[in-house]
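**Q** One letter stands for each residue in the lines below.
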Amino acid sequence: MLPYLYLLPAILILFSLLIAPLITGILMSFEVTNLDGTVAWSGFSNFLTLFKESRFATNFCNSIIYVIGNILLSTPLAYIVAILITTKLPQVSYFRSIYLLPWVISPIVSTLLFRSMVDPSMGPIAKLIEWITGEQIIILANPSWAMFIIIFHSFWRSFPFVMLFLSAGIASIPDEIYEAATIDGANSWKRFLTITFPLTLGHLKIALLMITMWTLHDAETITAFTRGGPGYSTETFAVRLFKSSFINFNLNFGSTIGVILLIISLVFMFFYFRLVKEVNY
Amino acid sequence: MTRDTDGDGKIDIWGLGVYLGPERGTIELSFAPLLWHFGGELWNPETKKATFASEAGIKAAQTLCDWVNKYEIVPKFAVSGAHDDVQLKPTLHGDYAMTWGWGSYWISQLEDKGWVKGIFPPTPDGKAVVTDVALTPSQPQAQFTNCWTISMYNLSQNKDAAWKFIDFLFDCENLKKYPDAGLPACADIWSAPEYQTPFYKVWKEAVAKGRGMPPTAHYGELADTVAAALQQILVIDKGANIAKTLQKAEDEYNARYEGE
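Protein sequence lines, in the order shown, are assigned to chains Z and V.
The numbering of the first sequence is my numbering, which starts it at 1 and goes up by one.
The numbering of the second sequence is my numbering, which starts it at 1 and goes up by one.
Since the hints were made in silico from the structure, they are not lab data.
Beta carbons: idealized from backbone N, C-alpha and C, even for Gly.
Accuracy of the hints is not assured; some may be wrong.
Computed footprint of chain V on chain Z, listed as stretches where at least three residues anywhere in the stretch have a Cβ under 8 Å from a Cβ of chain V [stated by the list, open to error]:
#	stretch
1	53-63
2	125-136
3	140-147
4	220-232
5	246-258
Straight-line C-alpha distance at most 25 Å; calculated DSS-like pairs for lysine-lysine [what the hints assert, rightly or not]:
#	chain 1	residue 1	chain 2	residue 2
6	V	Lys127	V	Lys89
7	V	Lys248	V	Lys238
8	V	Lys244	Z	Lys52
9	Z	Lys52	V	Lys49
10	Z	Lys52	V	Lys48
11	V	Lys89	Z	Lys127
12	V	Lys248	Z	Lys52
13	V	Lys59	V	Lys70
14	Z	Lys127	V	Lys10
15	V	Lys238	Z	Lys127
16	V	Lys49	V	Lys244
17	V	Lys76	V	Lys238
18	V	Lys48	V	Lys248
19	Z	Lys127	V	Lys76
20	V	Lys76	V	Lys244
21	V	Lys204	V	Lys176
Could you put together the complete structure from these sequences and hints?
**A** Structure (structure tokens):
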């Protein structure tokens, strides 16, 4: 009995802060609040309205592009830097701290920093693109460039976190394994593929899962960058949820988008776990 | 008035500053005044349906599109960023020859910059020094004025207290204490000497010729929908499919909010 009593505070906190809001949110997605303040059960009508809109498909594609773009950019670089900072080279400890800077800076601060860098009149990124392409591109007024800069900012912020997880995994691999592989004639790439990668898969899975959740649920940086524009070209589900619930105060519709976001999160989670299970040696 | 002042092939001064970004300023200051001027309405109070995709709406969107893409007097960066970043800052920086949709909440900035003198706070000798304000020569009641509907929930459990609060808000003495965005919110204050300057007479005329946004509880969604549709037209489609884009936006809005 006593062990269960010890668990009770944690269960109560978990229930009141996580499970109860989750159930409330799901229930709200099946309701509609009338203008006189009364709440009525509406079944799947919120979902059907959402599915019928072309904006839904745009939101879906943007959310997936945002997550996959971020992961595709951050994971390879995180591996490279994690391998570098776990080598026993002098001064390497300084780099560990420097690489973590993007992660510790507030997302809004870094977004404003990036916004100033893409400013068409004086931003260095805007100037660089103008120098390469020969034409002035208003980055945040161009759908493709706006999405790219949002993904790039997210990658810049995410890679230190993935790197930290991977470097912890790499540091836990015994040196003897690498030494044995070297004696057997394995080159650096072979050692990475057969030792480092499989033995850090557990760390990679957790890091990717967390980055995916953060990216999928990230509303503040896109809102600060473009508010989902131009048009709906950078609007993800998280941005739409934020707009619906906290700018336009349509909490029922916001909850419906939240349920969609939850389902996508679960699909990603399932995919990562399956992937790691299949790849695991 | 759009000019390349240093001859480097890039525009240094844009003819017109107009807000076309993702905030509510786009519908209030740019689209609605044109739509009203062409005889259209954003929303029908009887059917409670959005009506911005009308012939007048198409003309309004076409006008904005021409300013950006055909005549190139409005910069494309007008579609990105906050209202302050697109309108206020470039204007004060001298990037626009004219700015359309200048809010009264920015009068103090003109005083700080030295472009007007004795205007904020208002004095009887107040005057424009470098820049002045003018009313857009549009149809009557085709200007936006910051006026909003005050309402109370039908399910309110303290209706009497709520009414008392509303009465308190609209008491003339209290309105004197709290001017709205730099302008008097009470009619008799306009007769004070400090509001008899040519500068404030323009504002008074603007208030008289102005109108508010539609009294729908979903105004925020309406504003977002119009802003997104306009951005699609201006910088993604570049003027193609104006009627189709507006109609699609109107249909999607009405599918959710018709009758509310």
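**Q** Identify every previously stated hint that the structure contradicts and give their numbers, smallest first.
**A** 2
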